[in-house]
Amino acid sequence: MPGVDLDVEREVQLSADGARLVGSLGLPERAWAVVLFAHGSGSSRHSPRNRAVARHLRRSGMATLLIDLLTRHEEAEDAATGHLRFDIGLLARRLVAVTDWLHEEPSTAALGVGYFGASTGGGAALVAAADRAEAFAVVSRGGRPDLAGAALSRVKAPTLLIVGGLDVPVIAMNREAAARMRAEVRLEIVPGATHLFEEPGALERVADLAAGWFEGHRPETPLAPPA
Numbered sequence: 001m002p003g004v005d006l007d008v009e010r011e012v013q014l015s016a017d018g019a020r021l022v023g024s025l026g027l028p029e030r031a032w033a034v035v036l037f038a039h040g041s042g043s044s045r046h047s048p049r050n051r052a053v054a055r056h057l058r059r060s061g062m063a064t065l066l067i068d069l070l071t072r073h074e075e076a077e078d079a080a081t082g083h084l085r086f087d088i089g090l091l092a093r094r095l096v097a098v099t100d101w102l103h104e105e106p107s108t109a110a111l112g113v114g115y116f117g118a119s120t121g122g123g124a125a126l127v128a129a130a131d132r133a134e135a136f137a138v139v140s141r142g143g144r145p146d147l148a149g150a151a152l153s154r155v156k157a158p159t160l161l162i163v164g165g166l167d168v169p170v171i172a173m174n175r176e177a178a179a180r181m182r183a184e185v186r187l188e189i190v191p192g193a194t195h196l197f198e199e200p201g202a203l204e205r206v207a208d209l210a211a212g213w214f215e216g217h218r219p220e221t222p223l224a225p226p227a
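Sequential numbering from 1 applies to the sequence shown in this note's numbering.
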């Protein structure tokens, strides 16, 4: 997209589930969808890995919203106790609330919404997708879809599960979760990659797979949000 700086984002703040959340919204010209990122434990909207994937998606014509699902106070509490990062119900409720905000925000209201989850955020994204049937696709990177529990069978959105080939325990968790899903689901294993996809070319492969999945399931018209 000539003339568009894909690194430009604007900070947004919104209320969700009784908390004030902060995010970074990137909106390329003529965007056809918006992808909402659900970060993993100990991560944030500043994650260089998710930011790299988001920039790749914007290059493909998708808006992106990277948002911290925990407040600063909650992040400090979680750093000490570790209990909030596995509170999938809390994270999913906030994702749903952010999805509703995207439907109301003038710059994104007409766009279809997809989810990109990493680590525990993968489980939260699938629970949110089960509750928001208008989500057109879900991508999980090194995710814990098993944490979505009973919600897995209610997900209707086509789902791509990306796991590093050396992340053996997480491969097993993703295979088990995929077997419980009724929606279209694909497990993609990136050879030689570990959990954080830090190996040369691994993250680029994730970004290509994610962009291809969202584009391959692009809605003909934006799906209507719930009344």
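Hints may contain errors.
Unchecked claim - Under the rule of at most 25 Å between Cα atoms (straight-line distance), these lysine to aspartate or glutamate pairs were calculated in the DMTMM-like manner:
(1) K156 to E104
(2) K156 to E176
(3) K156 to D87
(4) K156 to D131
(5) K156 to E75
(6) K156 to D17
(7) K156 to E198
(8) K156 to E220
(9) K156 to E134
(10) K156 to D146
(11) K156 to E199
(12) K156 to E188
(13) K156 to D208
In case anyone wonders, no lab produced these hints; they're calculated from the structure. These numbers were taken from a predicted model, which means no experiment stands behind them.
Evaluated hints:
1. K156 to E104: holds, 23 Å
2. K156 to E176: Distance of about 18 Å is within 25 Å: holds.
3. K156 to D87: holds, 22 Å
4. K156 to D131: OK: K156 and D131 at ~10 Å, within 25 Å.
5. K156 to E75: violated, 31 Å
6. K156 to D17: Status holds; Cα separation ~24 Å.
7. K156 to E198: Outside the cut-off at roughly 31 Å; violated.
8. K156 to E220: Holds. K156 to E220 sits at ~17 Å (cutoff 25 Å).
9. K156 to E134: holds, 9 Å
10. K156 to D146: Holds: K156 and D146 sit about 16 Å apart, inside 25 Å.
11. K156 to E199: Distance of about 33 Å is beyond 25 Å: violated.
12. K156 to E188: holds, 19 Å
13. K156 to D208: The hint holds at about 23 Å.
Comparing the model with each numbered hint stated earlier shows that hints 5, 7 and 11 do not hold.
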